[in-house]
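What follows is each chain in one-letter form.
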Amino acid sequence: MKKSIFEIIENRSIAKDVCLMRLTGDTSAITAPGQFVNIELEGFYLRRPISVCDWEYGVLTIIYKVVGKGTEKMSAMTAGEKLELLTGLGNGYDMTLSGERPLLVGGGAGVPPMYGLCRRLTAQGKRPTVILGFNTAADVFFAEEFKALGANVIVTTVDGGVGVKGFVTDAMKELEYSYFYSCGPEPMLKALYNASATEGQLSFEERMGCGFGACMGCTCKTKYGNKRICKDGPVLKKEEVVW
Amino acid sequence: MNTKVNLCGVELQNPVIPASGTFGFGYEFTQWYDINCLGAISVKGTTEKERFGNIQPRIAEAPSGLLNAVGLQNPGIEAVLAHELPELRKVYSQPIIANISGFSKEEYVKSCALADADENVDLIEVNISCPNVHAGGMSFGTEASSALEITKAVKAVCKKPVIIKLTPNVTDIASIAKACEDGGADGVSLINTLLAMRIDLKTKKPLLGNVTGGLSGPAVFPVAVRMVYQVYNAVKIPIIGMGGVSSAEDVIELMLAGATAVQVGAANLKDPCACRDIIANLPKAMEKYNITDLSKITGGAH
Ligand SMILES: Cc1cc2nc3c(=O)[nH]c(=O)nc-3n(C[C@H](O)[C@H](O)[C@H](O)COP(=O)(O)OP(=O)(O)OC[C@H]3O[C@@H](n4cnc5c(N)ncnc54)[C@H](O)[C@@H]3O)c2cc1C
Ligand SMILES: Cc1cc2nc3c(=O)[nH]c(=O)nc-3n(C[C@H](O)[C@H](O)[C@H](O)COP(=O)(O)O)c2cc1C
Ligand code: FES
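Chains X and R, in that order, give the protein sequences. Counting with our numbering, you get residues 1 to 243 for the letters of the first sequence. Counting with our numbering, you get residues 1 to 302 for the letters of the second sequence.
Just so you know, not all the hints are guaranteed correct.
Unchecked claim - Taking lysine-lysine pairs in the BS3-like style, the calculated list, with each CA pair at most 25 Å apart, reads:
| no. | chain 1 | residue 1 | chain 2 | residue 2 |
| --- | --- | --- | --- | --- |
| 1 | X | Lys173 | X | Lys147 |
| 2 | X | Lys16 | R | Lys202 |
| 3 | R | Lys4 | R | Lys202 |
| 4 | R | Lys49 | X | Lys223 |
Treat the hints as calculated values from the structure; they're not laboratory data. Small disclaimer: the values here were computed from a predicted structure and weren't measured.
Please build the complete structure, drawing on both the sequences and the hints.
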């Protein structure tokens, strides 16, 4: 975990109410896809937790949905502006369990961490299938970027505007996969938990006081005891989840 | 320049103490800085038995602060003494303050006696903000009579200094503090969080799972200054001041109001290095306000 200043390189809209921000700074504390950063915003007491979409030496990419005042403020920021981040938060996905043909499922604002995970899995020679779930065609982002990584990509929209009509679970019925990784709204995670044929990992959200394990604000029950989503999560294994 | 203070007979290298509930059991903060720079640490509130705490959501934002409804999640006094404090002692050699909560007099007495007998505990802070299950759920700390009763009972089983932690959710905090002094308390600490609430406009329902929560952070700092000032007028025992402290200047202000030492809560959550930076900035702030000995400024505003 590290606290340091990042500078915005770009910040642009990529879908309805969704922005991509790239920043330069010290990314050395980020060790696994699925970890998150906690962003200090002027005028707000609490930091905003956002998943790492992707990172490399000195460059961090995040994708965020504008849902309230804090993310609205972020969306108005421009290149050259600086942000203070806590980096390297959370456990992230365990890639050693993926098998040869992992299934990656992202829903809405849960799509971003799947990208950094997918890039690393394909680099290891794995052949992931990616299901990206959205509400409408206007919400869709990053389908092409996942394809460019060489993944087999399926888009679902609730209204059928593009891709498969329905939910992510409607697209996975005929699929064969060795393991699954997921991030998205809780109803999606629960449906996936029930529909999945293999073991897997699910990333959860909770309102956070600190983001680094100090306040017990984010605790949930698991089969392996109480876990802080910010520190012992956000990624939980399917076998330990208690709904 | 002197930053040392004496808190109930225990010497602190400086008056800055992370507040209970905002610093876990301390040792995880070694990932951010060397915690041996702290005056002392008040560890997470501990009850006799393990507690999961309240349902989610437990955190809500406020202008200049936050609401929490964690609900005293802790592994229970025995686990804290057997595992958490030894873990902290491996990386930390300054004083440790055990923070004890309970829902009955018997529970307070049991936990405090265990903490008192533990070699890792230097001082005992007794949080009397919990609802009294035997008396209809009113918090022990909202009535002078029950504050007195708990203080006496705990003092009877403790050799170490006992500091009673007061809730600000009362009409006259000075009279509660006086009751604690009468009961034999070695000190009082204040303020705990202010009872508060938020409503989610999207769902039109209370935002916190527990409906209400406790407000803390810079928003409550002037309330803390006022209450420490009033309590200083009412008692002779040392006061630990807290509520919204975020800078070395805030430390000095609360000490002038009457605090011997100061706790820092919410600021640790916003910035994990907050206490380290406040301590590092103390000498500069002292110089700016012509203070050479911090231990001499307590109550200076009176
Ligand atoms: C581990 C983690 C990773 C996340 N990753 C992403 C991501 O990659 N992209 C993305 O778009 N969103 C992500 N979120 C959700 C994101 O944190 C919230 O959408 C954001 O904090 C909303 O801030 P706001 O000021 O716009 O909204 P407001 O509703 O005004 O925020 C008020 C308060 O509630 C908190 N809050 C509101 N919604 C959420 C939420 N869903 N989860 C946690 N706290 C919330 C805010 O942090 C703030 O403290 C993630 C959340 C967590 C916990
Ligand atoms: C997340 C959180 C958890 C807390 N838990 C405890 C606790 O277990 N015991 C206790 O005595 N006070 C607890 N408090 C209260 C603080 O110790 C402190 O009295 C209060 O927050 C005011 O200080 P601040 O404004 O600096 O945060 C908690 C506060 C917060 C924010
Ligand atoms: S948000 Fe503070 S412990 Fe998780």
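Hints, verified against the model:
Only pairs whose Cα atoms come within 25 Å are accepted, and X/Lys173 paired with X/Lys147 is accepted, the gap being roughly 21 Å. In summary, the hint linking X/Lys16 to R/Lys202 is supported, as the alpha carbons are separated by about 19 Å, within the 25 Å threshold. For the suggested pair R/Lys4 and R/Lys202, the alpha carbons sit about 50 Å apart, so the restraint of at most 25 Å is broken. Note on R/Lys49 and X/Lys223: the hinted pairing holds, with a Cα-Cα distance of about 20 Å set against a maximum of 25 Å.
Of the numbered hints listed earlier, the single one contradicted by the structure is hint 3.
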